[in-house]
Amino acid sequence: MEILKKAILEKGIVVDEHTLKVDSFLNHQIDTALISSMARELVRRFSGYPANRILTIESSGIPLAFMMGYFLRIPVVFAKKTKPSTLSGQTYSAESYSFTRKKHYSMIVSQEFLPPGEDVLIADDFLAGGGAVTALMDLIRQAGSRVTGVAIAVEKGFQGGGDMLRHSGIPLESLAVISSLNNGIIQFRD
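According to this note's numbering, the sequence shown holds residues 1 to 190 in order.
Read the hints as simulated data drawn from the structure, not as lab findings. Don't take every hint at face value.
Mimicking PhoX-like on lysine-lysine, the simulated pairs with C-alpha atoms at most 20 Å apart in a straight line are [what the hints assert, rightly or not]: (1) Lys80 / Lys102; (2) Lys81 / Lys102; (3) Lys21 / Lys11; (4) Lys21 / Lys5; (5) Lys21 / Lys83; (6) Lys81 / Lys103; (7) Lys103 / Lys83; (8) Lys21 / Lys6; (9) Lys21 / Lys102; (10) Lys103 / Lys80.
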């Protein structure tokens with residue numbers, strides 16, 4: 001998606017060969033027009049797939065997932081990284097590793113909001129090694145539902161998560177796939 005690639009090139013900051021900072025428009029401050037365009041494009045790409053709801057992770061995946069849910073007129077559920085005192089009842093949980101925060105955490109979703117027998121689309125801002133998406137897929141399977149596909153804003157193609165999903169047969173759509181951040185230069189996969 002060219003407008004996303006343009007924003008990445010103009011506003012993205014290469015922190016190191018594995019880390020791209022896009023907090024000025026994607027995951028701290030939100031460029032709402034860009035998020036809306038990204039969501040419309042992902043909804044278009046998944047138009048032939050059934051979806052009863054969207055699942056994402058707090059907090060950076062929420063804006064994209066919300067806009068997709070708005071356009072599809074379906075609910076959006078986000079997995080929590082810590083269990084709040086207000087979360088009661090039965091939950092599903094799965095372990096994941098945060099590349100950004102460099103720590104393991106449990107993703108938690110109330111069973112009330114992830115019922116069995118549904119088609120669930122996963123959405124997130126970044127895909128790196130695939131740990132977070134794998135944990136979300138685990139939550140969906142625990143619920144007795146099906147993974148429709150995975151919608152990603154920015155995929156770090158050099159970290160293997162996208163290739164793992166594609167090889168497993170999971171439909172994956174990434175709006176921008178970065179092939180390298182070496183030497184501070186952002187390069188995209190065609």
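Now for the hints, and whether the structure bears them out:
Distance check on the hinted pair: Lys80 and Lys102 sit about 17 Å apart at the alpha-carbon level, within 20 Å; holds. In summary, the hint linking Lys81 to Lys102 is supported, as the alpha carbons are separated by about 14 Å, within the 20 Å threshold. A threshold of 20 Å between alpha carbons decides the hint, and for Lys21 with Lys11 the separation of about 9 Å falls inside it, so the pair holds. The hinted pair formed by Lys21 and Lys5 meets the criterion: a straight-line CA distance of about 13 Å does not exceed 20 Å.
Simply put, Lys21 and Lys83 have alpha-carbon atoms about 27 Å apart, too far for the 20 Å limit, and the pair is violated. Restraint check for Lys81 and Lys103: satisfied, since their Cα atoms lie roughly 11 Å apart, inside the 20 Å limit. With a C-alpha separation of about 16 Å, the suggested pairing of Lys103 with Lys83 holds against the 20 Å cut-off. Between Lys21 and Lys6 the alpha-carbon distance is near 14 Å, which keeps this suggested pair within the 20 Å criterion.
Of the pairs offered as hints, the one joining Lys21 and Lys102 holds, with about 15 Å between alpha carbons and a cut-off of 20 Å not exceeded. For the proposed pair Lys103 and Lys80, the alpha carbon gap of about 15 Å is at most 20 Å, so the pair holds.
The structure fails to meet hint 5 from the earlier list, while all remaining hints are met.
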